[in-house]
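K.L.:
Letter by letter, the chains look like this.
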Amino acid sequence: MKLHARGIASSISSLIVGEIAHTLTVANGKERILSVNDGYNSAAIGPAAIISSLPFEGLPQEFKLLPSVHSAGALDHLAEGDIVLIKPDGELHTLYRRQSDHNALFVTDRCNSNCLMCSQPPKDRDDIGFFLEINMRLLELIPKDIHILGITGGEPTLLGPRLYFMLRKIKDRLPDTEIHMLTNGRAFAWMNYAELVASVDNPRMVYAIPLYSDYYALHDYIVQAKDAFSQTTLGIHNLARLNQRIEIRIVLHKQVIPRLKQLANFIYRNMPFVDHVALMGLEYTGYTPHNDPLLWIDPYDYVEQLNDAVEFLALNGVNVSIYNLQLCLLPKHLWKYCRKSISDWKQIYIDECMQCDWREECGGLFMSSTRKHSSHIAPMKKQ
Amino acid sequence: MAPLASRKFKPLEFYSSPSIAYYLLPFRFHRLNDSREILVNEVGDYIVAPIDTARRIAAHDISPSESIYADLVANFFISEKPIPDLIDILATRYRTKKSFLDDFTSLHIFVITLRCDHTCHYCQVSRQSEDKHQYDMSRTDIDGFIDLMFKSPSRDVTVEFQGGEPLLVFDNIVYAVKRIEELNRADKRRVRFVVCTNLSNINLDILTFLKEHGILISTSYDGPEFIHNSNRTFSRGNSHATVLEKIGLCREILGNDMVSALMTASSLTLNYPVEIVDDYVAQGLPSIFLRQINPYGFAKKNRMKNAYTAEQFLEFYKTALQHIINLNLRGLFFLEEFATIILSKILTPFPIGFTDLQSPNGMINGAIVYNYDGFVYASDESRMLAEERDFTFQLGHVKSDSYQKIFYGAKAQHIAKYWANESLAGCSECGFQSYCGADPVRHYATQGDLAGYRPTSSFCITNMEIIRFLIELLTENRSIERVFRSWVNKTPL
Amino acid sequence: MDIINHTDHVEIKVQLDLYSITVLHKCFYWYGANFSVDIETESDKVGRVRLFPKTEIPVAEYPNLLSKIRNDLIDFKTRDIVSKETQNVRDLLIAKAFSHSDELDDSPPGDISDPVGFDPTAK
Numbered sequence: 001m002k003l004h005a006r007g008i009a010s011s012i013s014s015l016i017v018g019e020i021a022h023t024l025t026v027a028n029g030k031e032r033i034l035s036v037n038d039g040y041n042s043a044a045i046g047p048a049a050i051i052s053s054l055p056f057e058g059l060p061q062e063f064k065l066l067p068s069v070h071s072a073g074a075l076d077h078l079a080e081g082d083i084v085l086i087k088p089d090g091e092l093h094t095l096y097r098r099q100s101d102h103n104a105l106f107v108t109d110r111c112n113s114n115c116l117m118c119s120q121p122p123k124d125r126d127d128i129g130f131f132l133e134i135n136m137r138l139l140e141l142i143p144k145d146i147h148i149l150g151i152t153g154g155e156p157t158l159l160g161p162r163l164y165f166m167l168r169k170i171k172d173r174l175p176d177t178e179i180h181m182l183t184n185g186r187a188f189a190w191m192n193y194a195e196l197v198a199s200v201d202n203p204r205m206v207y208a209i210p211l212y213s214d215y216y217a218l219h220d221y222i223v224q225a226k227d228a229f230s231q232t233t234l235g236i237h238n239l240a241r242l243n244q245r246i247e248i249r250i251v252l253h254k255q256v257i258p259r260l261k262q263l264a265n266f267i268y269r270n271m272p273f274v275d276h277v278a279l280m281g282l283e284y285t286g287y288t289p290h291n292d293p294l295l296w297i298d299p300y301d302y303v304e305q306l307n308d309a310v311e312f313l314a315l316n317g318v319n320v321s322i323y324n325l326q327l328c329l330l331p332k333h334l335w336k337y338c339r340k341s342i343s344d345w346k347q348i349y350i351d352e353c354m355q356c357d358w359r360e361e362c363g364g365l366f367m368s369s370t371r372k373h374s375s376h377i378a379p380m381k382k383q
Numbered sequence: 384m385a386p387l388a389s390r391k392f393k394p395l396e397f398y399s400s401p402s403i404a405y406y407l408l409p410f411r412f413h414r415l416n417d418s419r420e421i422l423v424n425e426v427g428d429y430i431v432a433p434i435d436t437a438r439r440i441a442a443h444d445i446s447p448s449e450s451i452y453a454d455l456v457a458n459f460f461i462s463e464k465p466i467p468d469l470i471d472i473l474a475t476r477y478r479t480k481k482s483f484l485d486d487f488t489s490l491h492i493f494v495i496t497l498r499c500d501h502t503c504h505y506c507q508v509s510r511q512s513e514d515k516h517q518y519d520m521s522r523t524d525i526d527g528f529i530d531l532m533f534k535s536p537s538r539d540v541t542v543e544f545q546g547g548e549p550l551l552v553f554d555n556i557v558y559a560v561k562r563i564e565e566l567n568r569a570d571k572r573r574v575r576f577v578v579c580t581n582l583s584n585i586n587l588d589i590l591t592f593l594k595e596h597g598i599l600i601s602t603s604y605d606g607p608e609f610i611h612n613s614n615r616t617f618s619r620g621n622s623h624a625t626v627l628e629k630i631g632l633c634r635e636i637l638g639n640d641m642v643s644a645l646m647t648a649s650s651l652t653l654n655y656p657v658e659i660v661d662d663y664v665a666q667g668l669p670s671i672f673l674r675q676i677n678p679y680g681f682a683k684k685n686r687m688k689n690a691y692t693a694e695q696f697l698e699f700y701k702t703a704l705q706h707i708i709n710l711n712l713r714g715l716f717f718l719e720e721f722a723t724i725i726l727s728k729i730l731t732p733f734p735i736g737f738t739d740l741q742s743p744n745g746m747i748n749g750a751i752v753y754n755y756d757g758f759v760y761a762s763d764e765s766r767m768l769a770e771e772r773d774f775t776f777q778l779g780h781v782k783s784d785s786y787q788k789i790f791y792g793a794k795a796q797h798i799a800k801y802w803a804n805e806s807l808a809g810c811s812e813c814g815f816q817s818y819c820g821a822d823p824v825r826h827y828a829t830q831g832d833l834a835g836y837r838p839t840s841s842f843c844i845t846n847m848e849i850i851r852f853l854i855e856l857l858t859e860n861r862s863i864e865r866v867f868r869s870w871v872n873k874t875p876l
Numbered sequence: 877m878d879i880i881n882h883t884d885h886v887e888i889k890v891q892l893d894l895y896s897i898t899v900l901h902k903c904f905y906w907y908g909a910n911f912s913v914d915i916e917t918e919s920d921k922v923g924r925v926r927l928f929p930k931t932e933i934p935v936a937e938y939p940n941l942l943s944k945i946r947n948d949l950i951d952f953k954t955r956d957i958v959s960k961e962t963q964n965v966r967d968l969l970i971a972k973a974f975s976h977s978d979e980l981d982d983s984p985p986g987d988i989s990d991p992v993g994f995d996p997t998a999k
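Just so you know, the protein sequences line up as chains X, D and G, in that order.
Heads up: the first sequence is residues 1 to 383, going by this note's numbering.
Heads up: the second sequence is residues 384 to 876, going by this note's numbering.
Heads up: the third sequence is residues 877 to 999, going by this note's numbering.
Please note that the accuracy of each hint is not assured.
[Stated by the list, open to error] Listed below are the simulated DSS-like cross-link pairs for lysine-lysine, each with C-alpha atoms no more than 25 Å apart in a straight line: (1) D:Lys391 / X:Lys254; (2) X:Lys346 / X:Lys336; (3) D:Lys788 / D:Lys800; (4) X:Lys171 / G:Lys972; (5) X:Lys123 / X:Lys346; (6) D:Lys393 / X:Lys254; (7) G:Lys999 / D:Lys480.
[To be verified] Chain D regions said to be covered by chain X (calculated; three or more residues, Cβ under 8 Å): (8) 462–471; (9) 559–566.
If you're looking for bench data, these hints aren't it; they were derived computationally from the structure.
Quick caveat: nothing in here was measured; it's all calculated off a predicted structure.
In this text, a Cβ means the ideal position worked out from N, Cα and C, and glycines have one as well.
Here chain X stands alone, though its shape is the one from the complex:
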């Protein structure tokens, strides 16, 4: 699933964030013309921009005068209702897809951690202003009936006080949408910052915070940041005092598995108030291939520890889910915890899956799994 494309820009002087208002197929369905509204343009005057697979000469005359990106390739990935970013250099980035349940605001590439298994390795340049401007415009265009919206990066709290303003806008524009903000939670150890962000007071927002061990040194090692464990747990504690909703995320790999049961116990005893705990299969992308010797363990080989942790949490009344793992790897009694969590744009099935009767119910694999995946993926028959 494509989220980016590139074409040749014409008359585009600044960033355009706009919704695909109208699509046209021409030349026997081989070419497409899409018109884009940015919320400021008046429908009477015309679209804010045109995107097309056609070369400039092939565009209808009236469109040649508008800002446009032509020769952009097939563009099958774009549909009416989608929202795109059009850059003066001709790059097209999909910011929101109407057909998808997995939309998220990307807020920065910066991060103050450096997790061994980071799937979105950080870039150390200040891009916060750039993304904030785009997202504020995007929020004007996203339809109010959107069910769930993520906030991701990098580390959102690096926005500092600007995070508060963005969250306020989200609450004002999308009051009925579930918001999942992925954050390491470290900045919330500073109570003044926790109070600022919590004062948005959005009951639909969940802070999804990773925790990888009950032992501080192991967590700090995994996220490659000293004092991260203390900061994150204090941050969680402060958010709880401020009645914020918290989800704990645990990525499963070789470093985490040996103390997984102890981590479950730590979470239950010290943070019994969490909304949800998600135990997540590893995505083989970003830093992970580079750190393969430290991280890789076939999920089939950690089923026992996973089972212990899930059962422990469930028995103690904690909401728990398993993300990103395939049904064929897990005993049937754990299937009820599995969710179809892999974002549609990076989700695939492999050859072995084609013979499987449970494909519909299973969340499939990450696209990056073609590089490496469990050697126990095998089709199953429904009895």
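Chains D and G: place on chain X using the hints.
P.N.:
Relative to the frame of chain X, chains D and G by itself:
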């Protein structure tokens, strides 16, 4: 993808502090048996370890390369800094464990009459026979007690009608319930009503009223007929048959979860641990509370039938509990209440509401007793002592004493010195402190002083062995641990 | 530590710098059900405990009793060490637990910035 140079990955050693000598955090310990001991931290988290571990920890002898080192740090037994980074979290955990104190007195017991139509040889209430009306609480006093009750800051209030047999003065119960509901219109507290009754007088009219007002029933059921009727004599019939019939009627009209049954173990009961459990199960009851007799009232007078040692009770208890566990392992969800309370302290970060296992004890702080004669007592047991002319725990009278004097006066302050096990001889360093409580009234009544003397205290002997037994079961057998967790979370496996 | 069996009592002598009087009291408190307990200082270096059994102890039981005494003394000494070393942090913990404001809250440890620069206290 490899990271930029400034983001080069560092090894585990970079993130730990192996050369630092650790600091101790507060913890207690106890030998469980010949090979293992339990270590318990200040908020009740535990680690079971080989004998001698506590000594090694205190001697600063645990090396970071031992696997237990990470467990000790993660579970707040030791710290690599003099004040641990997460101390505020530990403080919140501590506050949570003691949060049963937040709302002050929430259980208000109205001993609304001493009249009764049963004669139970272990009765801890000196009941008078049915025709002596001067043993009923007057309406004036009912009003006065209700006013006193509304002075409590608690948002959640439980009003429990006890006796004698409260249903003998059902009109007064109706009066009290209506008055409370009326006065609560402004306050909007969450009020729960319970009637503790032998059920012999219950009828459809009473049940209609109970149903309308969502009132719970608590009754006494001592198990198989030969035990129940030996313990409890009903002047007008067969206690066992009657109570079973009425329990059925109540469950049908009020709903199963509105009716609970309690048993009391007499000397006869102690011979039949398995039979009494099987009988409770057969009657469709969801749980049993295996509790000892309280050594007050008629129980003291009828020593032949009620005097047994802590050791005898323990043998009964452990046999019955093993049987209950086996039933659970075979698929039945049926729990033992006393064990469940202790297990909640061990297995969860949450507080419990059972006064005798709280520290500070729940008397006054959690529960108060309003007697039929207008006097106020710190607990059921305190009231019994007064029947024997010992007014040590009589806090005042509804007509003459203020809320301040009763709840915060000199007597309350005196009892306060002895109601927390953190500061009692023997308890202050006991490994089971977090899982146990203090009972100054019981110690005063049986040993002569509020502090009590642990070596000969049946409260201590019984609790310590039950706690040790539960811990041994739970830590040596994973299936039993799962059963215990199912009890604590009230979720069948 | 010396343990001596007399005809009618068991005598335990300890170095007070190893087992303080407090430790002796706390340890032998628990023996009071079955023994009459006598604790005194023989000199400022030596403490003496005498246990007079209330009912006769069978000879076969003596090894168990001696072993129990040794274990209990070590346990109570351990408790004493823990109690003394953790007094301050325990007082602090309880003060924090019952404090109604966040005056007593500690500031978080460590750095939190990324290479670009971040300060959570900035307005």
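K.L.:
It remains to establish, for every hint, whether it holds in the given structure.
P.N.:
Going through the hints against the structure:
1. D:Lys391 / X:Lys254: Since the Cα atoms of Lys391 (chain D) and Lys254 (chain X) sit roughly 20 Å apart, the hinted pair holds (cutoff 25 Å).
2. X:Lys346 / X:Lys336: holds, 23 Å
3. D:Lys788 / D:Lys800: Cα-Cα ~17 Å, so holds.
4. X:Lys171 / G:Lys972: Violated. Lys171 (chain X) to Lys972 (chain G) sits at ~35 Å, over the 25 Å cutoff.
5. X:Lys123 / X:Lys346: holds, 22 Å
6. D:Lys393 / X:Lys254: holds, 17 Å
7. G:Lys999 / D:Lys480: violated, 36 Å
8. 462–471: holds (count 3)
9. 559–566: violated (count 0)
When held up to the earlier numbered hints, the structure conflicts with 4, 7, 9 and fits the remainder.
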